[in-house]
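Student: Sequence:
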Amino acid sequence: MNINKQSFEEAIDILVNASPKNNTKGNAVKHWFSSNFKLEAGVSLTYDDKAIGNRVTEQFRHKFDVVIFVISTNVNIDTLKRYIKKNLYPELQVVLILTNTDPYTYNALLFNKESAFSSWAKETFRLDSEKFTFTKDKEAPSQEEKDFVKSNTNKFSSYYTAFRTKPFMLLAGISGTGKSRIVREFAFKSCPKELQDKDGTEPGNYCMIEVKPNWHDSTELLGYWSNLNKRYMFTKFAKFLVKAKMYPNVPFFVCLDEMNLAPVEQYFAEFLSVLETRKAIKDEEGNTIIKSGVLIDKEYFRSIGKVGKDEKEQGFATCKNDRDIYMKLFNIVDEEKMNAIPENKETSLLDTGLTLPENVLVIGTVNMDDTTHQFSRKVIDRAMTIEMNGGALTDIFSDKDDLAYRENPLSMDDLRAKYVSAKEVIKNCTAITKNEDILKYIKGETENGLPQRLEEINKALYGTPFMVSYRVMNELTIYLAVLLDKAEKDGQEISLEVCKQLANTAIDKILLMKILPRVEGDDEMFRISEKERTANGFSDQADDGHEFTKLDWLRQIAPQHTEDNKDSYMAVDKLSEMIERLNRQSFTRFWP
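To convert a position in the sequence shown, counted from 1, into my numbering, add 203.
Warning: the hint list may mix true and false statements.
As a list, the in silico BS3-like pairs of lysine-lysine whose alpha-carbon atoms are at most 27 Å apart [what the hints assert, rightly or not]:
1) LYS531 / LYS626
2) LYS523 / LYS540
3) LYS442 / LYS531
4) LYS734 / LYS703
5) LYS482 / LYS396
6) LYS630 / LYS689
7) LYS501 / LYS531
8) LYS396 / LYS316
9) LYS626 / LYS769
10) LYS621 / LYS637
11) LYS439 / LYS485
12) LYS689 / LYS581
13) LYS630 / LYS646
14) LYS548 / LYS581
15) LYS415 / LYS581
16) LYS626 / LYS646
17) LYS316 / LYS334
18) LYS482 / LYS325
19) LYS284 / LYS415
Restraint-style ranges between C-beta atoms, simulated for each label pair [what the hints assert, rightly or not]:
20) TYR286 / VAL219: 42 to 48 Å
21) MET541 / SER378: 31 to 37 Å
22) LYS439 / SER332: 25 to 31 Å
23) VAL497 / TYR286: 42 to 48 Å
24) ASN542 / ARG580: 31 to 37 Å
25) SER332 / ASP537: 18 to 24 Å
26) ASP573 / THR636: 47 to 53 Å
27) ARG580 / TYR286: 28 to 34 Å
28) GLU766 / SER624: 26 to 32 Å
29) THR302 / GLU538: 43 to 49 Å
Everything labelled a hint here was simulated from the structure, so no lab data went into it. Bear in mind the structure is a predicted one, so any value in this text is a computation, not a measurement. We put the beta carbon where it would ideally sit given N, CA and C, even for glycine.
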């Protein structure tokens, strides 16, 4: 044992004097704690206020007994303390903050419970200790957060729920309704300080990809191997996915602008296939994470830097982990910028290749006119579609700045998906596992359960190519589970009746997002056969005198709103619009 200030500071010296690329620079400090106090320790160098959030998150996710923060003189200690207290966990015993000066300045000692190290540190560094108490309750939201949530609940609720159901969304609407703008708005509202640009114009968690009409294969999006240059040509999209892996607790938004200017099925095929491989698994710490298949093979990451024979030494040997690859792809050589990047020892890019990070949300903007391509049902089946019709024209004069950074940005916890399959919902959604009646309703073991509701829709669509199957049932179940989780989090008691009300909301949204976007055709497509008409007791005509069609049947099945609450269910209004167009033009579709 060698418990003295000198041996401790010698271990800190090794940390601060090591190269930023040295991934073992903290081992001396870790060894000092394990050999002297039998404690697991984490240690972090923090040189910039912008990096505080990621430094705290990175260290705390490992659930160390002790965490040491070595900071530069320009780091705000109060800000660091605030992040620490906001992210506490029960295993954490002590946090020590010291400044990298000569000699070291010891700033704060925070402790959860007295220990041999906390007693030694107080006496050795002559520090007043500050006790903290772990609580499962989050810090009370600021007034700004309350105002943001209140003013945007209706505006964003469908987006939040859709993101948590699936990380691929289509925004439809006529040109100029703000489709790409709302993607930027999400990025601004969730961008932490370390990713904010100085001008406030381009959040670091946002990537705009302008789709070109001549895109016909996945190389435009994912890149390709160049035989001429003897290296893989990484695209803006691929690099952005690698960047997202460095900040796993930050939502990253990809906006595929004018997505259907090119045939989506051609350039987006690999992404759509990998999207369907997503699976929820447990990581080494027991947390649920979502993994996918590989988009770009590991061999291409292993070859980074191997441009020619003379540069062989600058190749794979310099890229030991994902962080090294990120710095190489973005040509980050400045030491200050290196230190701002979260420590990351993962080697998944070298071991597996590039998978779809669970914090990446891909949104395609869609215009349906003579200049664009139609979507196949394959694409629509795999996306959550939201139609944007724009707001009041007077909103353009509003004083509110939607494209501005927030003091307390949204985190991935606000958008993270918990479920990929209906089986996971049954096993893990507490509102369902605690109530046998709700479980039976979800599984369809009662009369008019959730599967039967979808079968009613299929009955109306029988004989058309628009009938739905397992994928829609799966995502309806997930969507309902997300609504149940939110209601439970908000303190609502979840009964079977509440579940059925939320199921109506889920069915309404799934009709709008998954089913109706697939529907198009002429009078003949939607004509009801005499057999169907007789079996279901339908008359020849609807109430307003037009022929009663499958769309009218579907409108009867859809959740109905009242005059007092027209915004509660909207699929019925969309169906009325489609029926009116069919009667007027003898052809109809979902798209404007």
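Student: For every hint, state whether the structure bears it out.
Tutor: Structure-based check of all given hints:
1. LYS531 / LYS626: Between LYS531 and LYS626 the Cα gap is close to 41 Å, so the pair fails against 27 Å, i.e. violated.
2. LYS523 / LYS540: Satisfied, since the Cα-Cα distance of roughly 19 Å is no more than 27 Å.
3. LYS442 / LYS531: Status holds; Cα separation ~10 Å.
4. LYS734 / LYS703: Given that 27 Å is the threshold and the Cα spacing comes to 32 Å, the pair is violated.
5. LYS482 / LYS396: 31 Å, violated
6. LYS630 / LYS689: With a Cα-Cα distance of about 17 Å, the restraint between LYS630 and LYS689 holds, given a limit of 27 Å.
7. LYS501 / LYS531: Since the Cα atoms of LYS501 and LYS531 sit roughly 15 Å apart, the hinted pair holds (cutoff 27 Å).
8. LYS396 / LYS316: Violated, because 32 Å separates the two Cα atoms, which is more than 27 Å.
9. LYS626 / LYS769: 34 Å, violated
10. LYS621 / LYS637: Holds. LYS621 to LYS637 sits at ~18 Å (cutoff 27 Å).
11. LYS439 / LYS485: 30 Å, violated
12. LYS689 / LYS581: 30 Å, violated
13. LYS630 / LYS646: OK: LYS630 and LYS646 at ~12 Å, within 27 Å.
14. LYS548 / LYS581: Roughly 38 Å between the alpha carbons, so the hint for LYS548 and LYS581 is violated.
15. LYS415 / LYS581: 21 Å, holds
16. LYS626 / LYS646: 10 Å, holds
17. LYS316 / LYS334: 8 Å, holds
18. LYS482 / LYS325: Not satisfied, since the Cα-Cα distance of roughly 47 Å exceeds 27 Å.
19. LYS284 / LYS415: Since the Cα atoms of LYS284 and LYS415 sit roughly 47 Å apart, the hinted pair is violated (cutoff 27 Å).
20. TYR286 / VAL219: 42 to 48 Å: For TYR286 and VAL219 the Cβ distance comes to about 21 Å; the hint is violated.
21. MET541 / SER378: 31 to 37 Å: 43 Å, violated
22. LYS439 / SER332: 25 to 31 Å: 49 Å, violated
23. VAL497 / TYR286: 42 to 48 Å: About 34 Å separates the Cβ atoms of VAL497 and TYR286, which means 42 to 48 Å is violated.
24. ASN542 / ARG580: 31 to 37 Å: 49 Å, violated
25. SER332 / ASP537: 18 to 24 Å: Violated, at about 37 Å.
26. ASP573 / THR636: 47 to 53 Å: The hint (47 to 53 Å, Cβ to Cβ) holds, given that ASP573 and THR636 are roughly 51 Å apart.
27. ARG580 / TYR286: 28 to 34 Å: Hint violated: Cβ distance 46 Å, outside 28 to 34 Å.
28. GLU766 / SER624: 26 to 32 Å: Taking Cβ atoms as reference, GLU766 and SER624 lie about 39 Å apart, which means the hint is violated.
29. THR302 / GLU538: 43 to 49 Å: Given a distance of about 18 Å, which is not inside 43 to 49 Å, the answer is violated.
Checked against the numbered hints above, the structure breaks hints 1, 4, 5, 8, 9, 11, 12, 14, 18, 19, 20, 21, 22, 23, 24, 25, 27, 28, 29 and satisfies the rest.
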